[in-house]
Amino acid sequence: MEQRKQARGRHQRFIGSRARLNCEYMPVIPAWLVRRCLDDPRRIPYLLVWKDERHDGEIKEAVRLARYVEPGNSRVTDNYVELKRTDGSLTVLRFVWQMLPRNGGRALLLVCSYCNTPRRHVYGWEWDSFSGWSNRVRRTVWCCRSCNRLRYSSEGGYLRGSGRGALAAIFRAYGNLPRPDLWLPYVFTSPEEAAEAGICKL
Numbered sequence: 001m002e003q004r005k006q007a008r009g010r011h012q013r014f015i016g017s018r019a020r021l022n023c024e025y026m027p028v029i030p031a032w033l034v035r036r037c038l039d040d041p042r043r044i045p046y047l048l049v050w051k052d053e054r055h056d057g058e059i060k061e062a063v064r065l066a067r068y069v070e071p072g073n074s075r076v077t078d079n080y081v082e083l084k085r086t087d088g089s090l091t092v093l094r095f096v097w098q099m100l101p102r103n104g105g106r107a108l109l110l111v112c113s114y115c116n117t118p119r120r121h122v123y124g125w126e127w128d129s130f131s132g133w134s135n136r137v138r139r140t141v142w143c144c145r146s147c148n149r150l151r152y153s154s155e156g157g158y159l160r161g162s163g164r165g166a167l168a169a170i171f172r173a174y175g176n177l178p179r180p181d182l183w184l185p186y187v188f189t190s191p192e193e194a195a196e197a198g199i200c201k202l
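Just so we're aligned, residue 1 is where the sequence shown starts under our numbering, counting upward by one.
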């Protein structure tokens with residue numbers, strides 16, 4: 001049986017599970033946000049911006065979300081949206097509708113670009129396995145958490161205190177740490193809105 005080679009970092013040390021980064025700290029596009037854009041009667045593109053609020057407020061990622069139009073054809077293609085980054089790279093993402101068990105409703109799901117599985121979220125970064133570091137990321141096409149080798153913060157005991165310190169003992173006694181929120185984007189529907197927020201200049 002073939003065995004997978006473990007990732008090695010600098011000085012050929014095994015990185016192991018440390019290379020799996022938490023999805024809560026990666027730019028995410030939820031399916032409900034794509035549905036909001038599609039349901040907008042103005043049929044306009046949305047600008048999605050992720051800022052590093054924990055440090056200096058620097059813009060880390062920006063994407064133009066719009067209905068997909070075939071090249072050379074003005075017709076909008078059903079069941080596809082396009083995600084265009086500031087560097088010009090483009091991801092065409094398919095979506096599907098799933099019927100809900102009650103009240104005849106339906107939910108929009110995003111189809112992962114790699115595994116072709118309908119998902120509620122897609123992520124734009126993954127672990128940079130070529131860097132030799134366990135905490136370096138790189139941009140990818142927008143795909144699901146599993147394909148980008150991301151995990152939830154609650155995996156591996158992160159949300160429960162560990163170690164021998166007094167603070168860890170308190171968390172063990174009173175329960176888990178609060179689960180981090182997803183890194184959702186700021187959403188702008190016009191250049192004027194983005195300019196007012198200091199994202200761009202008119």
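None of these hints come from the bench; they were simulated from the model.
Here the structure is a predicted model, which is why all the values come from computation and not from measurement.
We put the CB at the ideal spot given by N, CA and C, even for glycine.
Treat the hints with care, as some may be off.
Unchecked claim - The calculated label-pair distances, taken between Cβ atoms and stated as ranges, are:
1) E193 to N116: 20 to 26 Å
2) E192 to S153: 32 to 38 Å
3) R94 to R138: 20 to 26 Å
4) S153 to R67: 31 to 37 Å
5) E196 to D78: 30 to 36 Å
6) R136 to D78: 15 to 21 Å
7) G72 to S190: 35 to 41 Å
8) A197 to R36: 28 to 34 Å
9) E193 to N73: 18 to 24 Å
10) T117 to D78: 18 to 24 Å
11) E70 to E192: 38 to 44 Å
12) R54 to S190: 25 to 31 Å
As the list claims (entries may be wrong) - Think about it this way: if two alpha-carbon atoms lie no more than 20 Å apart in a straight line, the pair counts; the simulated SDA-like pairs of lysine to any residue are:
13) K84 to R54
14) K84 to P45
15) K51 to P30
16) K51 to E61
17) K84 to R43
18) K51 to E192
19) K60 to Y46
20) K84 to L33
21) K84 to F95
22) K60 to A197
23) K51 to D181
24) K84 to V49
25) K51 to E196
26) K84 to N22
27) K51 to C147
28) K60 to A195
29) K51 to F95
30) K60 to R139
31) K60 to G88
32) K60 to F95
33) K84 to D181
34) K51 to R119
35) K84 to C37
We went through each hint and held it up to the structure:
Taken as a hint, the range 20 to 26 Å is violated for the pair E193 and N116, whose Cβ atoms sit roughly 35 Å apart. For E192 paired with S153, a C-beta distance near 37 Å keeps the hint of 32 to 38 Å intact. R94 and R138 have their C-beta atoms about 23 Å apart, which keeps the hinted 20 to 26 Å range intact. Restraint check, S153 to R67: a C-beta distance of roughly 34 Å satisfies the suggested window 31 to 37 Å.
About 34 Å separates the C-beta atoms of E196 and D78, a value consistent with the hinted range of 30 to 36 Å. For R136 and D78, the hinted distance range of 15 to 21 Å is not satisfied, since their beta carbons lie about 38 Å from each other. Hint check: G72 to S190, Cβ distance near 28 Å, so the stated range 35 to 41 Å is violated. Range check, A197 to R36: about 18 Å between beta-carbon atoms, so the 28 to 34 Å window is missed.
Checked against the hint of 18 to 24 Å, the pair E193 and N73 fails, with Cβ atoms roughly 30 Å apart. Under the hint 18 to 24 Å, the C-beta atoms of T117 and D78, about 20 Å apart, fit the expected range. The hint said 38 to 44 Å for the Cβ distance between E70 and E192, and at roughly 29 Å that hint is violated. Between R54 and S190 the CB atoms are about 28 Å apart, so this pair conforms to the stated range of 25 to 31 Å.
Taken as a hint, the K84 and R54 pair is broken in the structure, with Cα atoms around 25 Å apart against an allowance of 20 Å. For the suggested pair K84 and P45, the alpha carbons sit about 11 Å apart, so the restraint of at most 20 Å is met. Taking the CA atoms of K51 and P30, the gap is about 17 Å. The hint holds against a cut of 20 Å. Restraint check for K51 and E61: satisfied, since their Cα atoms lie roughly 7 Å apart, inside the 20 Å limit.
A C-alpha spacing of about 17 Å is found between K84 and R43, which places the hinted pair at or below 20 Å, so the restraint holds. Among the hinted pairs, K51 with E192 is consistent with the structure: their alpha-carbon atoms are about 18 Å apart, no more than 20 Å. Between K60 and Y46 the alpha-carbon distance is near 17 Å, which keeps this suggested pair within the 20 Å criterion. At most 20 Å may separate the alpha-carbon atoms for a hinted pair to count; K84 and L33 meet this at roughly 16 Å.
Using a Cα cut-off of 20 Å, the hinted pair K84 and F95 holds, with the two alpha carbons roughly 16 Å apart. Distance restraint check for K60 and A197: the Cα-Cα separation of roughly 16 Å lies within the 20 Å cut-off, and the hinted pair is therefore satisfied. Of the supplied pair hints, the one linking K51 and D181 holds, its CA atoms being roughly 14 Å apart against a limit of 20 Å. For a cut-off of 20 Å, the pair hint linking K84 to V49 stands: about 12 Å separates their Cα positions.
With a CA separation close to 15 Å, the supplied pair K51 and E196 stays within the 20 Å bound. A distance of roughly 24 Å separates the Cα atoms of K84 and N22; the hinted pair therefore is violated under the 20 Å criterion. A C-alpha spacing of about 24 Å is found between K51 and C147, which places the hinted pair above 20 Å, so the restraint is violated. A distance of roughly 17 Å separates the Cα atoms of K60 and A195; the hinted pair therefore holds under the 20 Å criterion.
Using a Cα cut-off of 20 Å, the hinted pair K51 and F95 is violated, with the two alpha carbons roughly 26 Å apart. Using a Cα cut-off of 20 Å, the hinted pair K60 and R139 holds, with the two alpha carbons roughly 11 Å apart. Using a Cα cut-off of 20 Å, the hinted pair K60 and G88 holds, with the two alpha carbons roughly 15 Å apart. A C-alpha spacing of about 25 Å is found between K60 and F95, which places the hinted pair above 20 Å, so the restraint is violated.
Annotation: proposed proximity of K84 to D181 is violated, straight-line Cα distance about 25 Å (limit 20 Å). With a CA separation close to 24 Å, the supplied pair K51 and R119 exceeds the 20 Å bound. A distance of roughly 15 Å separates the Cα atoms of K84 and C37; the hinted pair therefore holds under the 20 Å criterion.
The structure fails hints 1, 6, 7, 8, 9, 11, 13, 26, 27, 29, 32, 33, 34 (numbered hints given earlier, in ascending order).
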